[in-house]
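Once you've looked at the hints, dock chains B, C and D against the given chain A.
Protein chains: 4
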Amino acid sequence: MKIGFVGIGAMGECMVRNLLKAGYAVSVFNRTRERAEALVAEGAQLAERIEDAAACEIVITMLANDDATVSTVFDSDFRQAMPADGIHICMATISAELGQRLAAAHAADGRAYISAPVFGRPPAAAAAQLFVAAAGDASALARCQPLFDAMGQKTFVVGSAPEAANVVKISGNFMIASLIETFGEACALTRNYGIDPAQFLDVMTSSIFPAPIYKIYGGLIASQQFEPAGFKLRLGLKDIRLALAAADDKEIALPMASLIRDNYLKALTRGYEDLDWAALALVAQEDAGLKRA
Amino acid sequence: MKIGFVGIGAMGECMVRNLLKAGYAVSVFNRTRERAEALVAEGAQLAERIEDAAACEIVITMLANDDATVSTVFDSDFRQAMPADGIHICMATISAELGQRLAAAHAADGRAYISAPVFGRPPAAAAAQLFVAAAGDASALARCQPLFDAMGQKTFVVGSAPEAANVVKISGNFMIASLIETFGEACALTRNYGIDPAQFLDVMTSSIFPAPIYKIYGGLIASQQFEPAGFKLRLGLKDIRLALAAADDKEIALPMASLIRDNYLKALTRGYEDLDWAALALVAQEDAGLKRA
Amino acid sequence: MKIGFVGIGAMGECMVRNLLKAGYAVSVFNRTRERAEALVAEGAQLAERIEDAAACEIVITMLANDDATVSTVFDSDFRQAMPADGIHICMATISAELGQRLAAAHAADGRAYISAPVFGRPPAAAAAQLFVAAAGDASALARCQPLFDAMGQKTFVVGSAPEAANVVKISGNFMIASLIETFGEACALTRNYGIDPAQFLDVMTSSIFPAPIYKIYGGLIASQQFEPAGFKLRLGLKDIRLALAAADDKEIALPMASLIRDNYLKALTRGYEDLDWAALALVAQEDAGLKRA
Amino acid sequence: MKIGFVGIGAMGECMVRNLLKAGYAVSVFNRTRERAEALVAEGAQLAERIEDAAACEIVITMLANDDATVSTVFDSDFRQAMPADGIHICMATISAELGQRLAAAHAADGRAYISAPVFGRPPAAAAAQLFVAAAGDASALARCQPLFDAMGQKTFVVGSAPEAANVVKISGNFMIASLIETFGEACALTRNYGIDPAQFLDVMTSSIFPAPIYKIYGGLIASQQFEPAGFKLRLGLKDIRLALAAADDKEIALPMASLIRDNYLKALTRGYEDLDWAALALVAQEDAGLKRA
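Protein sequence lines correspond, in order, to chains A, B, C and D.
Just so you know, we're using our numbering here: the first sequence kicks off at 1 and counts up by one.
Just so you know, we're using our numbering here: the second sequence kicks off at 1001 and counts up by one.
Just so you know, we're using our numbering here: the third sequence kicks off at 2001 and counts up by one.
Just so you know, we're using our numbering here: the fourth sequence kicks off at 3001 and counts up by one.
Only chain A is shown next, with the shape it has when bound in the complex:
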């Protein structure tokens, strides 16, 4: 089976390699052509145009944000190029609204569409250890499953409406951001009582919070190592905005997400946009009178 893959970033690159390893023919397209070309040596075919990738049996998009995805799918002949039984899988973190829009556009064309965003950073992508949250038509999902297996360790089917998967992904990132803010405030408090953040983190992760996610983000916060960014603060803000936008579409409030959004904006004001999104915790500590180490 031939797979099209649009968007060769830090994540996409790893995902393509795993598809190649699994024996798929992969046609890769990237706006900055060099990044796609680098994969040719590893067995990928270069798609000269977006439409060449879209013409494959299954085409995956893994682009930076909503704008790049809209531009790719709606401002080219992407949809027209898709075969009659083609499937478009969007694996990027996009808005619930765009998930709905893609689903509607493909449905109007008689094509299948799956939202399948992933949890995991580049090392997890490289190791084919991603978690995939997928939603859409059941038979299309069944056809995609072998690809998900090639790229990830587990797939969760969360519904038949594609945007459900986008909302799950967005909610997961909201939960991580909340963990960051919370640990930042807890460090602000305990540091004011003379407790070393690394020790506090050790107590917490050795007792009630023995999860890697606490060790990873708690470690960044305790050591104040926000560079180089694993995931930039501006992208963290983007995802919180997606959570609030998804909530707003349903006309509900998420007070904690509002608080986090406002604190991310304060972080931008302080010049932290290129730091890791864990630097949200820096705002909490600075607001409590503590200096950056």
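To be clear, the hints were calculated from the coordinates, so they are not data collected in a lab.
No residue lacks a Cβ here, since even glycine has one placed at the ideal position from N, Cα and C.
A hint or two may mislead.
What the hints assert, rightly or not - Simulated crosslink set (DSS-like; lysine-lysine; CA at most 25 Å straight-line):
id, chain 1, residue 1, chain 2, residue 2
1, A, 238, C, 2250
2, B, 1215, A, 154
3, D, 3291, C, 2250
4, D, 3021, D, 3154
5, C, 2021, C, 2232
6, A, 250, B, 1238
7, D, 3238, B, 1238
8, A, 291, D, 3021
9, D, 3291, C, 2215
10, C, 2232, A, 250
11, A, 215, A, 232
12, D, 3250, B, 1238
13, A, 215, B, 1154
14, A, 250, C, 2215
15, C, 2154, C, 2215
16, B, 1291, C, 2291
Stated by the list, open to error - Across the chosen pairs, the derived CB separations fall in these ranges:
id, chain 1, residue 1, chain 2, residue 2, range
17, A, 230, B, 1033, 57 to 65 Å
18, A, 2, B, 1206, 28 to 36 Å
19, D, 3206, B, 1249, 41 to 49 Å
20, D, 3031, A, 216, 55 to 63 Å
Here is chains B, C and D on its own, set in the frame of chain A:
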């Protein structure tokens, strides 16, 4: 060595049993005498008066809150009854301010004081699997360590100022409350997109949040099983107030704790004080237009 | 001089009457034709098409929101119909972003554009007592001034970039919403201490807050008279969203506006969308355990 | 009639002068004796001890906060010194809880107690233009009315439970603090769009907010003149804490007050405690990336 133990609640009862098992003589006092008497059959001695427990080499208090602790230590001859080399260990969740006050009062008397609150619910106490956060004078801590080993699985020494341990405990509970609020809001969002909370929880705890604490509280929230309460909502509010009070003593803001406090107050208004403190998540979901199952 | 007027709602109707009284020829267009026709008996001319209104020397749009304004100006030949020295004045409460977009589009066409939103409800519009916040090119503003004088009691020129006027208007509405929330919370507190809201309002407006705006909104809140709505709650939410959007465009946080937005969303959930936007205060009081009278 | 007056600060001094002008004999006590002595030349009598002031027919306390009031009334023979038909009027801004405690203590002694805090700054006190919010027993209030008339321009009786007056005063200050925060955020937004704060203030106070309180605080904020402080930021924080404490006693949330409290704490962290409490607006503007002028 003879140990005094004041406060035979659901936690204290288990802790006394583990001290007895470890071979200590334990003199137990409880305001409601029957609860102390029940332990006599298991080998404890009944202290007729608070002072009888306080006269032991080491006396542990494990009372419900600040008021009960103050009443025990300051409104009786507790301190006068302590031997010259006696140690008072307060293992309850009390305020940082009371931790400081106890430390100062005992120091003025020439007695040792240790704050050693614990993480864990009654089943963990029964299994001697508590986590102990301890702070105070190093030599006194060394004398207490065998007792902590008898009651818990691990002890973290977080400083020499006793209130540091209280702040660590309070911060841990704040982090749990924040997890509850966050998961409540995330469920409010995902339920509005048709995603079943149990499934959402499964995705989260199978991927980025594979920690028991998420499974426990997420499970309560997803199933809306808030009765019987493992830890009552009113007590959760109490602990968030302790976090804010500890922050206020240092004149710092904890915005997320403020938000949680306000939502706990709304929960009281809705009559949820005797539900599990996970019912904080109910407020988030109701405010998003969702009914209690 | 001939004036085009698009958007004959409760406000626009009064504004047209005052232009007619001042001797202007007014060509009126409204999507629901009947509302425009009603003004013909009073001297207005009926514009059959949007373009007929736009062809006047000065064309005023007074539409419900961004969407209606965009549709009018960008989805018709509105701009092409404008004369070479024509001026478009948008007097509605629109987003800062749309203010900028309109300014840019008209500039590209070589036409003048003025943002001139107004403060005041229909009775003030009827009495030509509106306050006009205007911004744009100075010479165009000078040509518009007689019209503003015919419709309002005072004009404030707040800058040469049209969106400045939109931001001033949006900020004013944010300040009113904040007043509503604040008074709602203050009533929640004082009612819990047995103080009658009408009496509390009397104390406040007779002492430190002797402003009509406090009497008007405080009176609605104290008497819980939220119907009929002078300004619907959903529109209040819209304007708070505009404030947050304008802030977001500059990447700044407005924490109080975030709080108000979230509470307006809760009000929607409770079914209050058609009540007066002062019903925001109802949420504050309900959350404090008080029943609607 | 002889009046005792305890607490000769910037306010008390003016209030005593007005009582003297109205023909009352006033016995003044102040911890720092010199401030009381200065009034002797103007006709006051010096009370050597608190009890000498308390022995008058009516004794007024006008002290800085709860602690000073508690110390005066409960740590001296104040109550014992009061005559059988004596009345204690507390005109300071104290907590609702202390209002209740004073009422209960005096009731137990068979003495009358009135809470009568005032709105107004020293210039208003000097001009006998204060607003008095009074509560307590009706016959005692009737006896106090001539004194209120001598010191203020208007008295509002807000209930028979004395703490009602304290809550009204606290709520009024909360409303002012909210106005400050709101205007600070509005300036943060409008300044980011190039609008001069003085001009924005002029628009607002010339149109929908034509109240002196907006001109006063808006003027301080627009000109960033926070020194010398008319009312210090630390005292503003104190009053917000009183509002939250009064709410907490009734177990209700005041989300906006929580937000303001947190921002006042951030202001302390930035070293603004001795600035005018309007400097709360500085935090909002700094958090939006704006520098202090």
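* Would you mind confirming whether the straight-line C-alpha gap from residue 250 of chain A to residue 1238 of chain B stays at or under 25 Å? => violated, 33 Å
* Asked: CA of residue 2021 of chain C to CA of residue 2232 of chain C, is that 25 Å or under?
  -> violated, 29 Å
* **Hint consistency between residue 3291 of chain D and residue 2250 of chain C [alpha-carbon to alpha-carbon, up to 25 Å]** => Holds, at about 15 Å.
* **Holds or violated: residue 291 of chain A to residue 3021 of chain D, with C-alpha atoms at most 25 Å apart** => Outside the cut-off at roughly 55 Å; violated.
* Cβ separation of residue 2 of chain A and residue 1206 of chain B, checked against the hinted range 28 to 36 Å -> At roughly 31 Å between Cβ atoms, residue 1206 of chain B and residue 2 of chain A fall inside 28 to 36 Å, so the hint holds.
* To do: Please work out if residue 2154 of chain C and residue 2215 of chain C have their alpha carbons no farther apart than 25 Å.
  => Distance ~22 Å between residue 2154 of chain C and residue 2215 of chain C Cα, so the pair holds.
* To do: Verify the proposed pairing of residue 3250 of chain D with residue 1238 of chain B, using a straight-line Cα cut of 25 Å.
  => holds, 15 Å
* Under the criterion that the straight-line Cα-Cα distance not exceed 25 Å, is the pair residue 3021 of chain D, residue 3154 of chain D satisfied? -> holds, 18 Å
* Asked: Given the hinted pair residue 1291 of chain B and residue 2291 of chain C, is their alpha-carbon gap at most 25 Å?
  -> holds, 19 Å
* CA of residue 3238 of chain D to CA of residue 1238 of chain B, is that 25 Å or under? -> Status holds; Cα separation ~22 Å.
* Given the hint that residue 238 of chain A pairs with residue 2250 of chain C, test it: the Cα-Cα distance must not exceed 25 Å. => holds, 15 Å
* Are residue 230 of chain A and residue 1033 of chain B spaced within 57 to 65 Å by their CB atoms? -> 58 Å Cβ-Cβ, so the 57 to 65 Å window holds.
Going down the numbered hints, you'll see the structure goes against 5, 6, 8, 9, 14, while the others check out.
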